[in-house]
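Trainee: Based on the hints, put chain Z in the right spot on chain X.
As given, the protein sequences belong to chains X and Z, one line each in that order.
Positions 361 to 881 (my numbering) are the ones given, in order, by the first sequence.
Positions -2 to 523 (my numbering) are the ones given, in order, by the second sequence.
Be a bit skeptical, because a hint or two may be false.
[As the list claims (entries may be wrong)] Subject to a maximum C-alpha distance of 27 Å in a straight line, what follows is the list of computed BS3-like cross-link-like pairs (lysine-lysine):
hint : chain 1 : residue 1 : chain 2 : residue 2
1    : X       : K564      : X       : K670
2    : Z       : K436      : X       : K617
3    : X       : K564      : Z       : K297
4    : Z       : K98       : X       : K617
5    : X       : K564      : Z       : K65
6    : Z       : K424      : Z       : K436
7    : X       : K564      : Z       : K424
8    : X       : K671      : Z       : K436
9    : X       : K670      : X       : K743
10   : X       : K617      : Z       : K65
11   : X       : K670      : Z       : K436
12   : X       : K559      : Z       : K424
The set of hints was computed from the structure by calculation and includes no laboratory data.
These numbers come from a predicted model, not from an experiment.
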Amino acid sequence: MKTNAAVSLKLLDSIPTSIDGEVIVGKDILDLVAGAMYVNPLDIFREYIQNAADAIDQAKDNGLNFEDVPGISITFDQISRSVTIRDNGISIPSGEFVRRLTAVGGSNKRGTTLRGLRGVGRLSGLGYCQELIFRGRSEGDVEVSELRWDGKRLRELLRDKSFQGNLSDLIRSIVTISSVPVIQAANLPNRFFEVELCKVSRLKNDQLLNEDIVRNYLSQVAPVPFINQFTYGDDINAHLIKHGIREPISIVINDGKGQVTRNIQNQFAIREGYTDEVKGVEFLEFPGDDGEVAAIGWVCDHSYYGALPKKHGLGGIRLRSGNIQIGNETILAEFFPESRFCCWAIGEIHVISKQILPNGRRDEFEPSNHYTHLQGEFAIFAKQIAKCIRIKSEQRNRLRTVNNHLLNIQEWVSVASGQNLPLVVNTVIKEIADEKLKLAHREAEKMEANADQHTLVKAKINEIQTLLENSGINHGEGRFSEFEKAFTAAIKVILSNSTKPDDGVKLSLRVLNAITFPSTV
Amino acid sequence: MANKNILLVEPGYKNKYPPLGLMKIAAYHGPYGKKDNVKFIKGMTDQSVWQTNWDRIYITTLFSFEWKEISKAIDYIVSLVNGNTSKVFVGGIAASLMHEKFLAEARWRGVRIIRGLLSEAPAISLQLDDFEGELYSDDRDGTPIEDLVPDYSILDQLKEQYQYPVHDAYFAYASRGCIRKCHFCGVPKLEGDQRDAQSITALVKAIEARHGPKRDLMLMDNNVVASANYKEIIAEIRDLGFVPGAKLSRPGRSPVLRRVDFNQGVDARILCKDEMYLKEMSTICIKPLRIAFDHLGVKKPYETAIRMSHNVGLHDLSNYMLYNFKDTPSDLYERMRLNIKLNEELGIRIFSFPMRFQPTDQPNRDHVGDHWSKHQLRSMQVILQATHGIVSGSPEFFMEAFGNSSEEFEQLLLLPHHYIFNRVWYKDLDGKAEFEEYKGIFNTLSNEARQELKQLLSSTTPKGIPSLFDRATSQKVKSILQFYIPPKNEEDIWSAMKKRNSKNQSAIPHIPEDELVEDAGLAEII
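Only chain X is shown next, with the shape it has when bound in the complex (with noise of 0.2 Å):
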């Protein structure tokens, strides 16, 4: 029967033809765009951003005039529940803006510079609102167009069995237009295009109504600029510009707070009550696998003291395309030795190759063996930073017992100098302050990696040895008969094993007094 089954089909000898008659788009494909693309909810916020800045992009490669920096606003009204986001790029014309903004996939941007591709980002915010409003104006046009879906009839429409329309019919069931002569709409822009998200779902924390995790996103994924105080800003930016990557865009929230900036600074929180400081920063480049380079990017210096919190926002090497965040601090943690040195750097690659593409989620690049290419340079790129993070590590400990022993010295010095030892006291403690000093140079040959550190260490023991030298603390050398020089060793094995010098000291004091005067003990 099995050998039948292969030759009847080889009987056959059929040459496929296309399908005809209908092909069934269902309305549930709505239900995908609107609320199933994205895992993150915030995300809606980079799909809008990324179209926001699209626009001010083409409308600067038109040439058109900005009456004002070109810019979005973020427009929070919690009493009403809304949010609006409001662009100055190129808006769309009142005779495209239907068609536009009711097709689902489709963009006419892929091929193109611009960040969008698939054209259903836009449509995000549905999900997470009782009614989504388009509105705008472009250049020249006499009225504000507006078109607003309707979410709370999407939610019926979908779940109603008798409704046995496809996707056009539910999108024309749940989709009105309107639209105002300018004159009545004065206190409008000339030229914008704003996304109004009313009634908006209490998510937790309220997030898409909470400012400061929306600007703590922003900050993160969208391509706002740097703080003006972060002292290698302008240096990364003349990097990024260089290798095409465009300039930041100006977002705005109505928080008080101005414009969305990056997270890095000059100083940067690493715990509670614990900076650190970025100390300088290293360019990247990437090749990629046609010789060209397919990715560039920078990553500071600084301590790697350990993961930069996440509620932060600054801990990760991340990846961008385009200048916009894809998917998240984690996404190169597996070609880490250890995942978790992930967090302990800060740092971008922005993704420059036209043949690595983001994928529909945005939270990855589309799979291709482009792409599997550079993942193999961050993989050595990522051992670099392990390695990294070993060396310093290394250097704390080291510079850590350095420490110790010098601490140690100062402390035998001050007890010693503060009273009239016996020489045999003297001599353990100068043996002992020695032997701590030459573990000290030791320890420090190995910091030799560090040229500053290193310098720095040496001056500190020299520092102590001539404290040391001063201190008039003598070696007994030679002098001692047999009996002192048992009784020496004696208060060493003390000595050493006291925890506190004073009380190591107290203690030999004792003993050499009981031997010297048995009988008052």
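Mentor: Chain Z alone, transformed into the frame defined by chain X:
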């Protein structure tokens, strides 16, 4: 949809009256309402709340100056629900008076901050969203929560932890709102215009039926005498049995005298117009009759009202006196003094409670009125602490505590606080020599020097007084400043005085806790 888990939270501040709003919400959810499981907690001591997955949490708020305690409670609840703030509702007085301040806290996003009363259908008042399918969001025409019979049973859940000074009472309103718009008062913002409330008879009967009879009738009207139905209201109270001498007998408990208390005070400007008001008042067991005396401008109507009260046989009088608003210390003195005069003349006892003004939307109690200073306010606190906030009605004690004239009162307010606190010690005992020396220097101070002294002392806390020496401009001010440093042996003074006092009884008037003023802010350092 019964059996939902509902948590009611009162922040961990001290307060006199049980949270009536939460009691009504308990009625909405509890056995007479939706039959949910209702739990009531105060503060954050009950760790068992972490064992339940709450369907909804309501937090009440009271005084705006308790902002810290309120914030702590909200933060705690937000972490209890893991940030699922759509379950959390915050309402009450502070949430209404400082609504914007609550809304501005991004860490509470999603928490519904409710302003004013829940006087519409539950789903509307609570801003519930039917689209989101929120619990009881379809209750769009049910009885407003404000009109429900408060559930007293939730107070039993706190029995071990907290006892409200006033609890054996029917809490009710015969009217709401107020005809006046006094700038110092939160009522216009909270309740709006004057109007009559639902019948108190029905409410009292319903409370009695569900939760047993209560001793007192606590009417929280803001201005009951402004009601056009004043006579009917009093008649209703009489009909409910709250007449002079009325006693409540409950099985197994000894009979107790009942009392009616319009605890927000009544308006002298209306009382003085017609003796009818007080005649009516005398037909119920009002105790005490509280008449506000907020500034010297209402002296005439106030005095008339007191005389009328006396005429109709109402002798148990109490009195709120606002200070630290637009008044001066001498304005306050004159008002207190008038009470002493009336006491003497009419042979009555008016207990005055000076109330320190705080703006109703300020999150702390730091406000200093234009004519007051920090040091003077502290002095008032020290004086009042000794008597639980009451101004003694006896002329002798009054003069002792507040001086013989407004000038003396002002000087008294400038005294070192340990002199005020240990008055007898410094006036008559071991501290006398020091006090005399102080007075000697003080009397030589010019007006400017006294002003400077007042300003310096008000610019710091008692601990910072030693740092003032460098800032004083004149030698005299410098030399008097040393007297203001609290003595190291103050505890010895206290114990010496304690021994002495135990021999001769102090003159602190005894007033039951439930008749004391709600919160005069005596306990904290300003």
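Trainee: None of the hints should be skipped; say for each whether it holds.
Mentor: Consistency of the hints with the structure:
no., hint, verdict
1, X:K564 x X:K670, "holds (17 Å)"
2, Z:K436 x X:K617, "violated (55 Å)"
3, X:K564 x Z:K297, "violated (59 Å)"
4, Z:K98 x X:K617, "holds (17 Å)"
5, X:K564 x Z:K65, "holds (24 Å)"
6, Z:K424 x Z:K436, "holds (11 Å)"
7, X:K564 x Z:K424, "violated (64 Å)"
8, X:K671 x Z:K436, "violated (61 Å)"
9, X:K670 x X:K743, "holds (22 Å)"
10, X:K617 x Z:K65, "holds (24 Å)"
11, X:K670 x Z:K436, "violated (64 Å)"
12, X:K559 x Z:K424, "violated (69 Å)"
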